[in-house]
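A.B. asks: Residue numbers (the working numbering), protein chains in the order written: chain A, 981 to 1410; chain B, 981 to 1410; chain C, 981 to 1410; chain D, 981 to 1410.
Since no wrong hints were added, every one of them can be taken at face value.
Which copy is meant is left open, so a pair is good if it fits within one copy or across any two.
Mimicking SDA-like on lysine to any residue, the simulated pairs with C-alpha atoms at most 20 Å apart in a straight line are: (1) K1302 x I1075; (2) K1071 x Q986; (3) K1263 x I1239; (4) K1042 x D1052; (5) K1263 x G1238.
Calculated directly from the structure, the hints in this document are not laboratory data.
Note that the structure is a prediction, hence the values are computed from the model and not measured.
This is what each chain is made of:
There are 4 protein chains.
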Amino acid sequence: MNNKLQLIEELESSVRSYVRSFPAVFTKARGYKIWDEDGNEYIDFFAGAGALNYGHNEPGMKKKLVDYILDDGITHSLDKATDAKVEFLDKLNEIILKPRGMDYRVMFPGPTGTNTVESALKIARKMTGRTDIVSFTNGFHGMTIGSLAVTGNSMKRKGAGIPLSHTVTMPYDNFVESDNDPLEYFERFLEDNGSGVAVPAAVIFETVQGEGGINAASMEWMQRLEKICREWGILLIVDDVQAGVGRTGTFFSFEPAGIKPDIICLSKSIGGYGLPLAITLIKPELDKWKPGEHNGTFRGNNMAFVTAAESFTYWEDPQFEKSIQRKADKVTKFLSDMIEKYPEMKGSLKGRGLMQGISSDVEGFSEKVAEHAFEHRLIMETAGGHDQVFKLFPPINIDEEGLQAGLDIIEKSIQEAVESMNLKEETVTN
Amino acid sequence: MNNKLQLIEELESSVRSYVRSFPAVFTKARGYKIWDEDGNEYIDFFAGAGALNYGHNEPGMKKKLVDYILDDGITHSLDKATDAKVEFLDKLNEIILKPRGMDYRVMFPGPTGTNTVESALKIARKMTGRTDIVSFTNGFHGMTIGSLAVTGNSMKRKGAGIPLSHTVTMPYDNFVESDNDPLEYFERFLEDNGSGVAVPAAVIFETVQGEGGINAASMEWMQRLEKICREWGILLIVDDVQAGVGRTGTFFSFEPAGIKPDIICLSKSIGGYGLPLAITLIKPELDKWKPGEHNGTFRGNNMAFVTAAESFTYWEDPQFEKSIQRKADKVTKFLSDMIEKYPEMKGSLKGRGLMQGISSDVEGFSEKVAEHAFEHRLIMETAGGHDQVFKLFPPINIDEEGLQAGLDIIEKSIQEAVESMNLKEETVTN
Amino acid sequence: MNNKLQLIEELESSVRSYVRSFPAVFTKARGYKIWDEDGNEYIDFFAGAGALNYGHNEPGMKKKLVDYILDDGITHSLDKATDAKVEFLDKLNEIILKPRGMDYRVMFPGPTGTNTVESALKIARKMTGRTDIVSFTNGFHGMTIGSLAVTGNSMKRKGAGIPLSHTVTMPYDNFVESDNDPLEYFERFLEDNGSGVAVPAAVIFETVQGEGGINAASMEWMQRLEKICREWGILLIVDDVQAGVGRTGTFFSFEPAGIKPDIICLSKSIGGYGLPLAITLIKPELDKWKPGEHNGTFRGNNMAFVTAAESFTYWEDPQFEKSIQRKADKVTKFLSDMIEKYPEMKGSLKGRGLMQGISSDVEGFSEKVAEHAFEHRLIMETAGGHDQVFKLFPPINIDEEGLQAGLDIIEKSIQEAVESMNLKEETVTN
Amino acid sequence: MNNKLQLIEELESSVRSYVRSFPAVFTKARGYKIWDEDGNEYIDFFAGAGALNYGHNEPGMKKKLVDYILDDGITHSLDKATDAKVEFLDKLNEIILKPRGMDYRVMFPGPTGTNTVESALKIARKMTGRTDIVSFTNGFHGMTIGSLAVTGNSMKRKGAGIPLSHTVTMPYDNFVESDNDPLEYFERFLEDNGSGVAVPAAVIFETVQGEGGINAASMEWMQRLEKICREWGILLIVDDVQAGVGRTGTFFSFEPAGIKPDIICLSKSIGGYGLPLAITLIKPELDKWKPGEHNGTFRGNNMAFVTAAESFTYWEDPQFEKSIQRKADKVTKFLSDMIEKYPEMKGSLKGRGLMQGISSDVEGFSEKVAEHAFEHRLIMETAGGHDQVFKLFPPINIDEEGLQAGLDIIEKSIQEAVESMNLKEETVTN
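Based on the sequences and whatever the hints tell you, model everything.
C.D. replies: Structure representation (structure tokens):
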């Protein structure tokens, strides 16, 4: 191990994780490329777990950012007004919200995904006077106690050290394979007043579950969920932290379903450049916070306002969405081909947009693919409760060449994993 | 109202707060100075609520930061290894920890104060197998559910929408005036096994309570608290998010007390430049996290690593601490003089270091002082459950001239508040 | 209203309920008969909601009880040893447990159903070190906070005034009509470690849900539930408070399913004569209570020990079970006939043993039947979250004549309800 | 060990407790006397932990009870109206409540102390819309989860297996020795809105803490507590389960303090004869229960109604209270003499009325006294978190002869304990 990794091992907490899977010291990055201290070049199909949808150090944002800093623009402002903040709000409204017919108030809850989720749950409980939140199996919403209570992962839940409460978990779309009506249970629990489940303040869900295994809910499921919420006066919260900001092909991941959430949680790529930022979009009639009732030191991260405002210009061009969709189609075709070509991995296709992957029923297979990919200098993560999915998260503005290069490495890695795990023979003999 | 403030009113959530007290659109800042869009210059005695201890846009850090960005340094890395992170860890260890004889593991829990507090509570519960945390009256630790449960403020607690649990509040130093032994209660609760209070996993406290009213615990109180914790096997957590990083005159606020916390929470000024960053320092024997048991998208904010590493160089010069202390003495003398000169405000001195203020027993007085100060272009906050304290938070590297200019405005504002509230007459007639 | 009912209205809390449905002042009772102050005779198909399975004032027990009192036998003993207690334990073991091959320790948790449930949940949590309990939709387990948290009824849950926690509700058999595998959900939740549901300490269920609507679980459902519990190390608690002590035809209601619960809760008819008593049967290896870790003033109700010991003699005769079964068959046939004969009531058969009823899809119908029955001097209760079931709970030792007399009144009442609600015409016109 | 005790050891749960301290099989009892199976006679200074204030099998009640049973009076009625219940309510009102100017509704919450406490907490939370209850150090209120959450004893709290929540513990009178104003803390917590303690729904307390160590609150403390509750709109609940029904010299233990609780919990001796019964007295304006919102199978224990109604006749004679007081004075004098005569036991006087004892600072001393007393055939319990108190609980209608006989045994036992623990020598040598 080199000195720098040694130093990390000695000084950093044992909680560190990705440095274990990707043991290199990175120094530079641009677009979908990233380099380590020895000058090795990697393709990044990880994209900061969805925080780098526009790739690393996007040139337009970079220029704006450097100018802002050189000009002594405000860096930190709590929630005082700054030029940068005003421009962010204005562009968010003009470029993103208005054209989509969306009327929301923007809350700055602190600059991370878990901050926006916590703020969403608070306002939902406050506005309804109810305490329970319904979340879904394999949902992932954050690590602070409020968000962790709506997160499914058992290892992370145990990390709380206390029982997590005021939440009820319902089955996500396709959670039970034999079930042809996955929301029937939720409805039955609501309508039978002996069910033990009270009408909740809100439901919170991801349209595609990133950490939970790249599970994509169908449009019908989302529409039916919205309908149930309307019937029962339940608030609908979409956590679009990972699936939002273009990751699935549209700015908001729920657009194709035509639903209208009461509250939307955004973070990760909302800042554009990988800088910490989060916002909570709240329907005006629900925005009844008292001043300062929720706050946070870094809720006004002005550098992120600057890059975010610039990032919105991508969305002025209607071709942008189409280009993502084209690349998504390419990925879908590639993964489908792989599943067919390598039946040994017992794979199934997961996700949508540029948030796709393969779930393998062979234990350890997906992790092995990711390992081989890293040997070939492609960075790619696994997901799901048993790490059963390897997931492709290229920047959404990646060029065709970069995308193809990544896919080539992935095919090679699948092939090697099949071999190194001796799956071929096994299949033959069975 | 100007157009930009109008836009904020229309688009931003009603939860916004400081923009209400300081209705101006800020554009630039340097050191202790900040300018609005009309070019008006303000003195900043707020310092980002402790996030800007080195002032705005400190030139040395600014240079490093711009160079890093121009050079396409890694911006976002989750917890992969980067050059910037390694340098941060190395300097933190060499300049800050080692010289103070401190051996801690560094955890990156997500880049805000509430993230570090949540991580501290989790590891304390995990390591002890106990659920309760003891916090203290008027403590402030954050807005996510875990941190909010150890925060005293009733308005913010109600914002949770659910009962907050697994915590017990004990009286902070001087909470009960007549009490000459403020930790006796805590001890009695521990030693009587019919007390209804179980031995907690940890206590968490601030050495000086920033939001709670600039209440400074005495050195004896802290030492006795540490002793009680040792006797009962309770972990000692210092939340040094606001009082740390030089605010009270030493890097860690607890240094003069000679105590050795098991866990230390740092954020706000740890990044140096006002960029989101937080770390949790954990004694090595307690650092038993599983990989990824707590995580967060922005735990590797490399720009903040760059500025933080640079900020540590301040602490290489032993004169730095002394200079803070000198300025603190000046503030103490100034405020003492004010209390004597304006008995009408019924003031008492609060805090220590460059974290001082006056608590006034006259309802509304402190807010009035802050209002007048803003008219004279000095930015200063109030604190305490009834906003009874006006607090002075200049940058710790402010020069004598800036400090004096600020104090002059404050005296003028006190004088005006006494007049505008007719306190003079009132005092005469009583 | 007569004077005595007036006095009750003035002095008793508004929480009173049955006195509203059955507005008479009762004075005497014997077997299945009960008389009011005016000498009117009623047939009791309510049987103290299962607390009077042997009828009122059963002569054999009455004699033993009076002799005991006249002889100055110990009335109240906490958990000191008494002759009466020893005899109770001995007969319970010799007549009930041993012949069924059951080896359990007997706990006296306080003399009510909710006491035994609370004690069962405590020992399950203590022995497993887990906090969650899985209960089932429409389960009813008691009114104290621990038991209420596993009870489904929403009105009663709201009565807690606090959120109820540390429990998860799963669908009971037939809760979702279209579902042909009602335990699949529970299994999926257990096996997917991203489900948000932790492996619980225990499941608690009733084999036939009395208050919840006379829902009878199938034998297969119970067997499969036991299997799941064994696989996952989950304790199996049967709450046999209402369905036990012969109500379904065997002493324990789960006997036909062949399952072996880890903990069994008994109350209501366990005392034989309607006197407060409850016991918790615990497998010896789980009986790791510390002395006094759970206690209660009336856990040694010796008069109930005396009558209970006598009541066990019923079970020495193998004909007793058969006689209950015969009467149950008669009730089944009668109710089936009614459903066929009066299609207007849209009825379906519920329950088993002498715990049967009809669930009517016509709103208010079942309550109307019970009202008419009371006019004809038969006492009968409704059940279910919407009072949609009228339920027949005759004493299990009722004679044929009494049973027939009761059924005759019920038919008459159904007929009248159909008429008074104009269901006949409605059916015709539809 | 004899056969019967052997059988208990084999069949009864390990949770059994008193049978361990008093290893005899009891068969008969009358007044203050109790006999074991070998005909040995014991003096009972335990009185069913306060459930047998009128002694065992009081002849007047016994006669009424036997007549009622022989006459086939209703035994079990849920909450239907019965003659026995009407008479109970009428006499309670006429003999006990009205003469004391008390206007309360009577709730039957189930027949044990913990049932009445749970019902009191529910209605308090429901009526105030608040969740927290304030209880006091060393309070004891019951074993079900709601009551356990307001109980101080740590061993019993741990038995819950879950964290207990929605409660805050405040220091009882004299909890902190040096404190001359024990309610100042509570007031400070209420008035400082940064205290972390919300205004609670209610406070619940015992005027004399029975299990907690025979701690008697001063009249001033109770009056001040009532005043605080009125100022803050907090409901005042007195748990008079153990101290009520004459135990301290008046029917309600709080009478001498002149306070007017909003809710009063009664059980133990309210039934008169040692039969399970509990009632909750609720101010009419707070009695807003929905029908059946709280219920319980044995809430109508008619045999206990019969004996209770008879027991109230004791209170028709004004001499009764005086006779208790006379005996209490005798006990006070006796215990004071003992403390003086045997300084080796480092004793202090505890309690009031016929609920007194000595707290010894010598570890194990009080248990030793109780052991010796049992050898001399007097039954007496210890109390307090460390069993540091031996407590005298004779029946309140005991005659002078019986009382003296008991005191003689106690003196002998103290003397023997001093000797057997070698305290005399120790004292000499020190």
